[in-house]
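Undergrad: What follows is the residue order along each chain.
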Amino acid sequence: MATVSLEKLVKRYGAVEVVHGIDLDVADREFIALVGPSGCGKSTTLRMIAGLEPISGGNLRIGGKIVNDLPPRSRNLAMVFQSYALYPHMTVRENMGFSLKIAGQTPEEIAPRVEEAAKTLDLTHLLDRRPSQLSGGQRQRVAMGRAIVRQPEVFLFDEPLSNLDAKLRTQMRVEIKKLHAKVQSTVIYVTHDQVEAMTLADRIVIMRDGHIEQVGTPEDVFQRPNSKFVAGFIGSPPMNLKDAEIADGHVVFSSGDRLPLPSRFRDRVTAGQRVTFGLRPDDLYPAGHGIHSGEDADVYRHDLHVILTEPLGNETLVFSDFGGAEWVGRMLNPRRLVSGEALPFCFDLSQAHLFDGETGKTLRG
Amino acid sequence: MKGWRPPAPFLLLLPAIVVLAAVVIVPLILSLYSSFTPFRLTQPASLYTFVGFRNYARILADREFWTAFGRTVLLLTVALNVEMLLGLGLAMLVEKATSGQRLLRTIMMFPMMFSPILVGFQFKFMFNDNIGLVNNALQSLGLTDQAIPWLIDGSLAFTAILVAEIWSSTSVFAILILAGLLAMPKEPIEAARVDGCTPWQTFRYVTWPFIMPFAYIAMTIRSLDVARAYDIVKIMTDGGPAKRTELIWTLVSRTAYADARMGLANAMAYVAILLSILFTVYFFRKLAAARTQIAAEW
Ligand SMILES: Nc1ncnc2c1ncn2[C@@H]1O[C@H](COP(=O)(O)OP(=O)(O)O)[C@@H](O)[C@H]1O
Ligand SMILES: [Mg+2]
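Quick mapping for you: the protein sequence lines, in order, are chains E and R.
For what it's worth, full-length UniProt numbering labels the leading residue of the first sequence as 1, then goes sequentially.
For what it's worth, full-length UniProt numbering labels the leading residue of the second sequence as 1, then goes sequentially.
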């Protein structure tokens, strides 16, 4: 049973506190992704779990046992580093078998496990090379191989794909997912890339400045963000988030443009309240080019001028002007648009979000 | 030949070539030649008698020479190994220092700034049996009440020379190994810790292979140094007592200047140089192997 529990975990460097007492329970065999912008304390948290950084406060439990003061070697976990951290003087075979050798296994015991991991990761033909003779993607696979050979209870990944090009990244993402299905270990996966987090994780932990903003399944954090920060962080292209004020049943933007206040927010705001209005690009589309038909009661229609388009083939991102700011919409089954063209747009207000202007917290019930 | 001009690069390098020839190549050839003659400073004409390999034959059968040769190899082996260990320890301590590392690095280099002659005098004084610091300290600590004859007893004198030699040059190892430690990526060490290594295993399997080439560079430099060790020995014991600390180079200089037998001395010198070259080649081989191992980019 490899549950991992963080209880009020704190990290201080000298007088500076960088992780502010975070709580998190990771279930056995769960795939958890820690996401957040650069510098928010993801790596620090992961390294505390690994035992590479001393814990300044709170408790860390692995399998229910407090491990705060155990050295990394006594925690039975494997880590894949962003820079891969392969041993440069060892061959791929030696790299992968190293932890077993240290654990006192004989070459006869080590060889089959290395061979098997190599087969899984398609590294068999590279076993006798040194890391310097490998490409980035191959090194990455060796780093993974080194981790899986150990059959640890917990895998820790620190941005393992961020040094790869886009195509390899997508490919490796799939591999990691398959791997998790196969090895059935607990995984804690750090990334700054929300797409990776969304596609891989059972649950996502969104961090910001050493705090946890929200924990939830990918659907949760995408559909029900608790704060403006999460709303803006998850989803690509990001949600349109515009400051506005509430006035007589409408959301009024700085330019004076207004949208009707969705009914479910009516009791939650007061007139004159400052809010942030959020709408995903999927919910802002030229009439007839959306996910929904656009005939629902909660759809508000308005003509917008196209400023710019980004054709992506199966869809086109449309940038247009509303309420004194730029909004991104998504056009399915696209046709060619010219800039300056005026189009009837649908605002699907059933999908709109509203956040408090001061605290950034959601106003959803 | 009219109109022929030597190529420009050659012309431009000519001054350097002339100087090099005058100060290096000509003396080298001259000394090599004189090692095939019975040349004595007191009999200049003897320079023109060619005797073939007679000097070399005499050296090969010369017990005194082989004793000095063996002692030089012994000094080299012991000094290099001890310096390596001490230098490694020093470098690892300095690398751990979180503040004042710059200052420590500078202090570490102090011994290298002294001329070997000064080091010789210094240690000659420290190991003096009557007024030396070493005996004084030992007596004050109550470890002995005798005046230990450091520079008078043969093997003690050899030890004293070793100490002086090691003191003056451990920093060569320390500096180079420290450079290696600082250049070393930290992630593999962390990976090793997660992979289950104790601190000792981390050093043994990850750190040491990485800094080995740096240690070999220091070895190469120092092997050249020790193989021509002269100054410190000359000052501290001058090969004494009763030639018990005679090294190749003190023997060469004694043969050349005290006995004035230049031809023979030159022959000895060439054998000694051969020894240096062997050591250097050996360490270069090791260095090259270690470099390929860590796939160094230099
Ligand atoms: N050794 C250190 N000393 C002081 N501050 C550090 C140290 N390591 C990281 N930090 C700080 O801690 C914060 C979190 O860093 P990190 O966990 O690496 O962020 P990321 O989420 O990008 O992985 C950053 O603000 C960083 O500046
Ligand atoms: Mg990081």
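One or more of the hints may lead you astray.
[Unchecked claim] FRET-style restraints, in silico, Cβ to Cβ:
1. E/Q133 - R/K186: 18 to 26 Å
2. R/D259 - E/Q133: 58 to 66 Å
3. R/R5 - E/A166: 54 to 62 Å
4. R/Y33 - E/P107: 54 to 62 Å
5. E/P107 - R/A21: 42 to 50 Å
6. R/A97 - E/R129: 54 to 62 Å
7. E/A111 - R/R204: 56 to 64 Å
8. E/T199 - R/K186: 26 to 34 Å
9. E/P107 - R/K186: 23 to 31 Å
10. R/T292 - E/I66: 52 to 60 Å
No lab work stands behind these hints: they were computed from the structure.
Where is the CB? At the ideal position from N, CA and C, for every residue including glycine.
Undergrad: Against each hint, give a clear statement of whether it holds in the structure.
TA: Hint check:
Here the CB-CB span from E/Q133 to R/K186 is close to 23 Å, well matched to the stated 18 to 26 Å. With their beta carbons about 59 Å apart, R/D259 and E/Q133 fall inside the hinted range of 58 to 66 Å. Between R/R5 and E/A166 the beta carbons are some 60 Å apart, a value that agrees with the proposed interval 54 to 62 Å. Separated by about 59 Å at the C-beta atoms, R/Y33 and E/P107 satisfy the suggested range of 54 to 62 Å.
Range check, E/P107 to R/A21: about 59 Å between beta-carbon atoms, so the 42 to 50 Å window is missed. For R/A97 paired with E/R129, a C-beta distance near 37 Å fails the hint of 54 to 62 Å. Roughly 22 Å separates the CB atoms of E/A111 and R/R204, a value that falls outside the hinted 56 to 64 Å. Range check, E/T199 to R/K186: Cβ separation about 31 Å, and the 26 to 34 Å hint holds.
Our hint of 23 to 31 Å for E/P107 and R/K186 holds, since their Cβ atoms are close to 29 Å apart. Hint check: R/T292 to E/I66, Cβ distance near 46 Å, so the stated range 52 to 60 Å is violated.
In summary, the numbered hints that this structure violates are 5, 6, 7, 10.
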